[in-house]
Structures are given as structure tokens and as C-alpha cells.
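Residue numbers (this note's numbering), protein chains in the order written: chain A, 1 to 116; chain B, 1 to 110.
Treat the hints as calculated values from the structure; they're not laboratory data.
Misleading hints may appear alongside valid ones.
Claimed, not checked - Restraint ranges, calculated between C-beta atoms of paired labels, are given here:
hint: 1; chain 1: A; residue 1: Thr104; chain 2: B; residue 2: Gly40; range: 15 to 25 Å
hint: 2; chain 1: B; residue 1: Thr62; chain 2: A; residue 2: Glu84; range: 36 to 46 Å
hint: 3; chain 1: B; residue 1: Glu15; chain 2: A; residue 2: Glu97; range: 37 to 47 Å
Said to hold, decoys possible - Example chain B residues on the side facing chain A (calculated, C-beta under 10 Å, incomplete):
hint: 4; residue: Gln6
hint: 5; residue: Thr27
hint: 6; residue: Asn31
hint: 7; residue: Gln33
hint: 8; residue: Tyr35
hint: 9; residue: Gln37
hint: 10; residue: His42
hint: 11; residue: Val44
hint: 12; residue: Phe45
hint: 13; residue: Leu92
hint: 14; residue: Gly96
hint: 15; residue: Lys97
hint: 16; residue: Leu98
hint: 17; residue: Gly101
hint: 18; residue: Gln102
Note that the coordinates shown come from a computational prediction; the quantities given were computed from them, not determined experimentally.
Beta carbons: idealized from backbone N, C-alpha and C, even for Gly.
These are the residues of each chain, in order.
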Amino acid sequence: DTEVTQTPKHLVMGMTNKKSLKCEQHMGHRAMYWYKQKAKKPPELMFVYSYEKLSINESVPSRFSPECPNSSLLNLHLHALQPEDSALYLCASSQGEVSEFTDTQYFGPGTRLTVL
Amino acid sequence: GQQVMQIPQYQHVQEGEDFTTYCNSSTTLSNIQWYKQRPGGHPVFLIQLVKSGEVKKQKRLTFQFGEAKKNSSLHITATQTTDVGTYFCAGLGNTGKLIFGQGTTLQVKP
Numbered sequence: 001d002t003e004v005t006q007t008p009k010h011l012v013m014g015m016t017n018k019k020s021l022k023c024e025q026h027m028g029h030r031a032m033y034w035y036k037q038k039a040k041k042p043p044e045l046m047f048v049y050s051y052e053k054l055s056i057n058e059s060v061p062s063r064f065s066p067e068c069p070n071s072s073l074l075n076l077h078l079h080a081l082q083p084e085d086s087a088l089y090l091c092a093s094s095q096g097e098v099s100e101f102t103d104t105q106y107f108g109p110g111t112r113l114t115v116l
Numbered sequence: 001g002q003q004v005m006q007i008p009q010y011q012h013v014q015e016g017e018d019f020t021t022y023c024n025s026s027t028t029l030s031n032i033q034w035y036k037q038r039p040g041g042h043p044v045f046l047i048q049l050v051k052s053g054e055v056k057k058q059k060r061l062t063f064q065f066g067e068a069k070k071n072s073s074l075h076i077t078a079t080q081t082t083d084v085g086t087y088f089c090a091g092l093g094n095t096g097k098l099i100f101g102q103g104t105t106l107q108v109k110p
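Next comes chain A alone, as it looks inside the complex (with noise of 0.2 Å):
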């Protein structure tokens, strides 16, 4: 089994809402990643978990929390987002075990988010 599921989705939220993307891995793997990604652009690194504990945060807006509440599952809560901040959400996980990036990474579908 190589799939990452997101939910949800689709998304659409003012910008007062608290929302919360999940996203899950059955493949054992110890890395697992958010990126964010607008159109016609590449996916953009915003955190990264190594055996559950966050090892990269690339500077990302307090707005974005994430947390790993176990292995197999990474969330990242919303809150107070803007506009900009629409974009396709992406998680991705890899074997990780020796360093997070070495691995092929399997992206899940994505949830789209739109920021009203």
C-alpha cells in the first residue's frame, strides 16, 4: 500500500474560522511533510516531522500549526488565514529512517483550500 489520503478535500473558510487539514500513511514511513503549492508553481516545503517530532518548519505564519499525534498521522490546524493563503495543500510521507529527504516522497491527492 503506497497512498497517502488528505481530507478533506475541498475547503473553503473565512477568515475568522479555526479548520484542520488531515492526512494519514499506513507505509511504516517516519517522515512525513506539508507542502503548499499555488498554481503553475512547485510544491513549497512549510514543515517537516522526523519520527514524529518536527524537524524543519520553514518559517511559516504562526497561522499554521501542525502536529503529529502519532506515526501515522499528521495534521495541520488553520486559523485567522488570508486570502493568499488559498493554495493546494499537499502531505507526503517517506521512509525517512535514515534522513527525511533521501527517500522517494508519495504524495497524497491534496486538499484544496480557498480562503474567502
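Given chain A, put chain B in place with the hints provided.
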């Protein structure tokens, strides 16, 4: 900072023609990975190259990693409409992070 430049940005070909996209890094890469993203989809891993001068083939796709491990290419022979999408290279640089190229969007006219 470390960058991976990818060209061309767009390519329109007639079905049956060949297609190539190129990636160049400002510094040596530990490895380079290639992903394909269909319109409305998510990046899907194609291949990883690790060794200097490495060449790998997947059916009509040929991937190369340069001798200096600073450049890479993806060549598709006899394109088909199913090849449509954006192809991204992503290099593992000395920062320990994956650096994505800007992508090449391929359109194939039937």
C-alpha cells in the same frame, strides 16, 4: 541560496514527437528525483537518480544524471496524450532539503 533551474517552462508538441526537459543546479546534488503532476492532480514519483552519469529508462521515458551531478534531463520518445502534465525535477542539495525545479508543462496535440 541553492536553486534548481528547469527549462522549458512550457512545451507544446504534436503526438508522436519527442520531448525533453532539463534541470540545472547551482551546486552538486546528492540525488535528483522526478515527479509528474497531471492537471488537477498531485505529484507522482517517477524515478530517483543517485550516481554520476546515471541513465535510467522507463518504457518511453529516459532519465539522465550528469557527470558532475549538477544537471539532469527527462526525455520522452514519441509522446502520447497520456503524457500531458507538469514534470518536476527535485534535487537533494547541500542544505539537506529537496529543491524543486519550476516544472515543465507538457501539452500534446492529438
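Results of checking the hints against the structure:
For the pair A:Thr104 and B:Gly40, the supplied restraint of 15 to 25 Å holds, since their beta-carbon distance comes to about 22 Å. Against the hinted window of 36 to 46 Å, the Cβ-Cβ separation of B:Thr62 and A:Glu84 comes to about 39 Å, which satisfies the hint. For B:Glu15 paired with A:Glu97, a C-beta distance near 42 Å keeps the hint of 37 to 47 Å intact. The beta carbon of B:Gln6 is positioned within 10 Å of a beta carbon in chain A (closest approach about 9 Å), and the interface hint is therefore held.
Because the closest C-beta pair between B:Thr27 and chain A is about 15 Å apart, greater than 10 Å, the hint is violated. Proximity of B:Asn31 to chain A holds as hinted, the smallest CB-CB distance being about 7 Å (cut-off 10 Å). For the restraint placing B:Gln33 at the interface with chain A, the shortest Cβ-Cβ distance is roughly 7 Å, inside the 10 Å limit, so the hint holds. Nearest Cβ of chain A to the Cβ of B:Tyr35: about 8 Å, under the 10 Å cut. The hint holds.
For B:Gln37, the interface hint holds, since its Cβ comes within 10 Å of a Cβ in chain A; the closest pair sits about 9 Å apart. A cut of 10 Å between beta carbons decides the hint on B:His42: the least distance to chain A is about 5 Å, and the hint holds. The interface hint given for B:Val44 holds, since its Cβ lies 7 Å from the closest Cβ of chain A, which is under the 10 Å cut-off. Annotation: interface hint on B:Phe45 holds; nearest CB of chain A at approximately 5 Å, less than 10 Å.
Hint status for B:Leu92: holds, given a least beta-carbon distance of 5 Å to chain A, under 10 Å. Because the beta carbon of B:Gly96 sits about 6 Å from the nearest beta carbon in chain A, less than 10 Å, this interface hint is met. With a least beta-carbon distance of about 6 Å to chain A, the hint placing B:Lys97 at the interface is held under the 10 Å criterion. Checking B:Leu98 against chain A: minimum C-beta separation of about 5 Å stays under 10 Å; hint holds.
At its closest, the beta carbon of B:Gly101 sits 7 Å from a beta carbon of chain A; the interface hint therefore holds under the 10 Å criterion. Interface restraint check for B:Gln102: the shortest CB-CB distance to chain A comes to about 6 Å, inside 10 Å, so the restraint holds.
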